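Required output: the full structure, derived from the provided sequences and hints.
Protein chains: 2
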Amino acid sequence: MRLESLKLRNFRNFIELECASFLQVNMFIGKNAQGKSNILESINFALSGESFRGAKSSEILRRDGAVTNAVVEGSVSRLSSTDKIVCDFTNDNKQIQLNGKNSSKSKLRQKYFSVIFCPESLSIVKNGPAERRKFFDDFIDVISIEKAQIREEYVRCIASRNRVLRNALFGKMSHKEAREVLDSLQPIFLQLATKLVSARVETIKSITPKAQSIFKGIFKNPNVDISVDYVISQQSAIAWSANQVYDRLSARSDDLREAEQRVGQSLVGPHKHDVRFIVNGHDSRHYCSQGQQRAMILAYKIAQVLQYYEVYKEYPVLLLDDVFSELDSERRKSILEIFKEIPAQIFLTTTDIEERKDFDKKKRIKIFKVKDGIIE
Amino acid sequence: MRLESLKLRNFRNFIELECASFLQVNMFIGKNAQGKSNILESINFALSGESFRGAKSSEILRRDGAVTNAVVEGSVSRLSSTDKIVCDFTNDNKQIQLNGKNSSKSKLRQKYFSVIFCPESLSIVKNGPAERRKFFDDFIDVISIEKAQIREEYVRCIASRNRVLRNALFGKMSHKEAREVLDSLQPIFLQLATKLVSARVETIKSITPKAQSIFKGIFKNPNVDISVDYVISQQSAIAWSANQVYDRLSARSDDLREAEQRVGQSLVGPHKHDVRFIVNGHDSRHYCSQGQQRAMILAYKIAQVLQYYEVYKEYPVLLLDDVFSELDSERRKSILEIFKEIPAQIFLTTTDIEERKDFDKKKRIKIFKVKDGIIE
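One line per chain: the protein sequences are D and B, in this order. When you line the first sequence up against the working numbering, it's residues 1 to 376, in that order. When you line the second sequence up against the working numbering, it's residues 1 to 376, in that order.
Since the hints were made in silico from the structure, they are not lab data. On a predicted model such as this, the values are computed, not experimentally measured, just so you know. A portion of the hints provided could be inaccurate.
To be verified - Cross-link-like lysine-lysine pairs, in silico, DSSO-like; alpha carbons within 30 Å at most:
{"no.": "1", "chain 1": "B", "residue 1": "31", "chain 2": "D", "residue 2": "369"}
{"no.": "2", "chain 1": "D", "residue 1": "333", "chain 2": "B", "residue 2": "369"}
{"no.": "3", "chain 1": "D", "residue 1": "126", "chain 2": "D", "residue 2": "216"}
{"no.": "4", "chain 1": "D", "residue 1": "31", "chain 2": "B", "residue 2": "210"}
{"no.": "5", "chain 1": "B", "residue 1": "105", "chain 2": "D", "residue 2": "126"}
{"no.": "6", "chain 1": "B", "residue 1": "369", "chain 2": "D", "residue 2": "126"}
{"no.": "7", "chain 1": "D", "residue 1": "31", "chain 2": "B", "residue 2": "369"}
{"no.": "8", "chain 1": "D", "residue 1": "176", "chain 2": "B", "residue 2": "176"}
{"no.": "9", "chain 1": "B", "residue 1": "31", "chain 2": "D", "residue 2": "210"}
{"no.": "10", "chain 1": "D", "residue 1": "333", "chain 2": "B", "residue 2": "371"}
{"no.": "11", "chain 1": "D", "residue 1": "126", "chain 2": "B", "residue 2": "126"}
{"no.": "12", "chain 1": "D", "residue 1": "210", "chain 2": "B", "residue 2": "371"}
{"no.": "13", "chain 1": "D", "residue 1": "369", "chain 2": "B", "residue 2": "333"}
{"no.": "14", "chain 1": "D", "residue 1": "369", "chain 2": "B", "residue 2": "220"}
{"no.": "15", "chain 1": "D", "residue 1": "220", "chain 2": "B", "residue 2": "369"}
{"no.": "16", "chain 1": "B", "residue 1": "126", "chain 2": "D", "residue 2": "105"}
{"no.": "17", "chain 1": "D", "residue 1": "56", "chain 2": "B", "residue 2": "272"}
{"no.": "18", "chain 1": "B", "residue 1": "126", "chain 2": "D", "residue 2": "134"}
{"no.": "19", "chain 1": "D", "residue 1": "126", "chain 2": "B", "residue 2": "56"}
{"no.": "20", "chain 1": "B", "residue 1": "31", "chain 2": "D", "residue 2": "340"}
{"no.": "21", "chain 1": "B", "residue 1": "31", "chain 2": "D", "residue 2": "126"}
{"no.": "22", "chain 1": "D", "residue 1": "333", "chain 2": "B", "residue 2": "366"}
{"no.": "23", "chain 1": "D", "residue 1": "216", "chain 2": "B", "residue 2": "31"}
{"no.": "24", "chain 1": "D", "residue 1": "126", "chain 2": "B", "residue 2": "7"}
{"no.": "25", "chain 1": "D", "residue 1": "84", "chain 2": "D", "residue 2": "101"}
{"no.": "26", "chain 1": "B", "residue 1": "220", "chain 2": "D", "residue 2": "371"}
{"no.": "27", "chain 1": "B", "residue 1": "126", "chain 2": "D", "residue 2": "7"}
{"no.": "28", "chain 1": "B", "residue 1": "94", "chain 2": "D", "residue 2": "126"}
{"no.": "29", "chain 1": "B", "residue 1": "101", "chain 2": "B", "residue 2": "147"}
{"no.": "30", "chain 1": "B", "residue 1": "272", "chain 2": "D", "residue 2": "126"}
{"no.": "31", "chain 1": "D", "residue 1": "56", "chain 2": "B", "residue 2": "216"}
{"no.": "32", "chain 1": "D", "residue 1": "126", "chain 2": "B", "residue 2": "134"}
{"no.": "33", "chain 1": "B", "residue 1": "333", "chain 2": "D", "residue 2": "31"}
{"no.": "34", "chain 1": "D", "residue 1": "134", "chain 2": "B", "residue 2": "134"}
{"no.": "35", "chain 1": "B", "residue 1": "216", "chain 2": "D", "residue 2": "371"}
{"no.": "36", "chain 1": "B", "residue 1": "205", "chain 2": "B", "residue 2": "134"}
{"no.": "37", "chain 1": "D", "residue 1": "31", "chain 2": "B", "residue 2": "216"}
{"no.": "38", "chain 1": "B", "residue 1": "371", "chain 2": "D", "residue 2": "220"}
See the structure below:
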């Protein structure tokens, strides 16, 4: 998968940009606030129709009273075909076109995939369980249609459950009636919940060995150890059988029956579970340095790239926004070594010129200097 | 205010550390995961009895089966006196002693103050309004006893209001009864709410000119502009009079009366307001680069240091964890220039040796090399 060309108009701080000469590694170098991350964001729009910074359409338009419309146009090749993707932004709308026809984020997702590492990625470790679940769930959606379906069905099932619980809480339905509906939903709820847990655990187990070896490579230390634990009600469940998961969820669901009625919400199930990143036996959220956390998330992101290749025999595009900060010079070097070994197309931003030297030897790198919304 | 000496035992990855030779600027240099941030965290314990990373007592103890106790001991001078502060950690408890007598975080807060900038500080911009409110509210508590009292009373008032609303929701109280209590609370609620808004706006207005000039200094550009807006129900309220605030809160409280009963919570008041960081007229949360956001938070933190001096004629201690990352070399240099002008005692961590050169000229700097829990 490769981005062949990129055109921008009125996108963030870019008036016009046209670029048709990307190589395998593309490095955007510039001072702070020149537009480096904006370029990565635009590339991600071309690949997925989405901002990795959660930006709304109105935030994309260049700040200039006269600007009412912004455009990202990308040409992306995959295997033998090349597609033209256009994202057209107005203040309150975004339209996606694929080869001249109206399209959507979900259609792009079926064709293209990009793995993004940016400063915000650290929130996967630092924030609550929701972001960690999302990290793996989003990847499940990409990697397996079957597992994505299980997830979709589970989300619908929980929505129904919650609707019933809420209706009972607000008196729109009697508690007896609600109980009957919930009881009839219970077998399918437990089944879907168990399947979703299995899907997550399988995904974790498939990418962890890859992440492990990348992490050891970054720290040049065969003795460091990273893994991910799956946590159900404060208990490590990574090694549980499907039956164990089912029994546990079922028992807990019985226990929390009344509490669920009181709050009008489903309190048991995979939407409450945690996935914990473990370094040398300790929860990375509390015991790791900033640099270790960064290297660990990066290792799991690169593991996703490798896993995607295993499934689709093609590499996703890797977007790396300010990947080197907070890391010491040895760590930076090891990460560059790893990038050189991965045939994925890479776009990265940095404020320092130093890192380029190492890449130059192989001549597969192109440097773009970014200054105030212009590539020099 | 100065940290004169520091002793650690079994704190994080430090078995033993003793240091009595701090200067005005103290730089901890080391590779990733050697313990640099742990030292800053221990200094913050000596000054405030708290971790700036929100660590629990059990997370402080060195990971070694035999360790059951950790100690931080700091000697801190302020004006003419010097105090000895000891924090003693066991797995589930922390004890603070000040000059040999049992003490508490709040007692330390009355005597000492440290301003901390760390990677997590960026969440002030990135996350929701709660963290931005906290940033200013915590400073209000330090800078003005009067305003801190208003805040405390408001928090108590909201707690009472919420209790009544919850009791009515869960049928422990009739809606009529609840309404009567809420009506009797309403005048004091509106008065406290208005006072708290004024306290926040005053604090914002007092530190913004300082932050402004620091930010211009970092970007070496007289035309960049930063400010903070106070936002009530999506409207800019930074220029409102107390009467305007009162009327607005009162009208909105009337409007949301029923909604409050439905959810059992207070939906109007300063605990719902936002404070927005504005750069060149745009909300920094959406329009700023990572480097700009970092520089802006740093500017507001340094403004707190200067404001503290204005009030107490003494500088707080400034702790800077990985302050240089994500910034280009020009920005790093300007920040170092600014640090040199502030007579506050500074402790900072970095992975790069480069920054020290510039400081050395004035000979007020001490370099500590940190390697695997040892200062070399």
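Status of the hints after comparison with the structure:
1. 31(B) with 369(D): Holds, at about 29 Å.
2. 333(D) with 369(B): The given pair, whose Cα atoms are some 21 Å apart, holds under the 30 Å limit.
3. 126(D) with 216(D): 22 Å, holds
4. 31(D) with 210(B): Holds, at roughly 24 Å.
5. 105(B) with 126(D): Answer holds: residue 105(B) to residue 126(D) is near 25 Å, not above 30 Å.
6. 369(B) with 126(D): 27 Å, holds
7. 31(D) with 369(B): Satisfied, since the Cα-Cα distance of roughly 29 Å is no more than 30 Å.
8. 176(D) with 176(B): 28 Å, holds
9. 31(B) with 210(D): 24 Å, holds
10. 333(D) with 371(B): 19 Å, holds
11. 126(D) with 126(B): 13 Å, holds
12. 210(D) with 371(B): Since the Cα atoms of residue 210(D) and residue 371(B) sit roughly 28 Å apart, the hinted pair holds (cutoff 30 Å).
13. 369(D) with 333(B): With a Cα-Cα distance of about 21 Å, the restraint between residue 369(D) and residue 333(B) holds, given a limit of 30 Å.
14. 369(D) with 220(B): Roughly 21 Å separates the two Cα atoms, so the pair holds.
15. 220(D) with 369(B): 21 Å, holds
16. 126(B) with 105(D): Distance of about 25 Å is within 30 Å: holds.
17. 56(D) with 272(B): 23 Å, holds
18. 126(B) with 134(D): Judged against 30 Å, a Cα distance of about 18 Å means the pair holds.
19. 126(D) with 56(B): 15 Å, holds
20. 31(B) with 340(D): 23 Å, holds
21. 31(B) with 126(D): OK: residue 31(B) and residue 126(D) at ~21 Å, within 30 Å.
22. 333(D) with 366(B): Distance of about 28 Å is within 30 Å: holds.
23. 216(D) with 31(B): 16 Å, holds
24. 126(D) with 7(B): Distance ~29 Å between residue 126(D) and residue 7(B) Cα, so the pair holds.
25. 84(D) with 101(D): 10 Å, holds
26. 220(B) with 371(D): At roughly 16 Å apart (the allowed maximum being 30 Å), residue 371(D) and residue 220(B) satisfy the hint.
27. 126(B) with 7(D): Holds, at about 29 Å.
28. 94(B) with 126(D): Distance of about 24 Å is within 30 Å: holds.
29. 101(B) with 147(B): 29 Å, holds
30. 272(B) with 126(D): 24 Å, holds
31. 56(D) with 216(B): Holds. Residue 56(D) to residue 216(B) sits at ~29 Å (cutoff 30 Å).
32. 126(D) with 134(B): 18 Å, holds
33. 333(B) with 31(D): 13 Å, holds
34. 134(D) with 134(B): OK: residue 134(D) and residue 134(B) at ~27 Å, within 30 Å.
35. 216(B) with 371(D): 19 Å, holds
36. 205(B) with 134(B): 16 Å, holds
37. 31(D) with 216(B): 16 Å, holds
38. 371(B) with 220(D): With a Cα-Cα distance of about 16 Å, the restraint between residue 371(B) and residue 220(D) holds, given a limit of 30 Å.
Taken one by one, the earlier hints all hold for this structure without exception.
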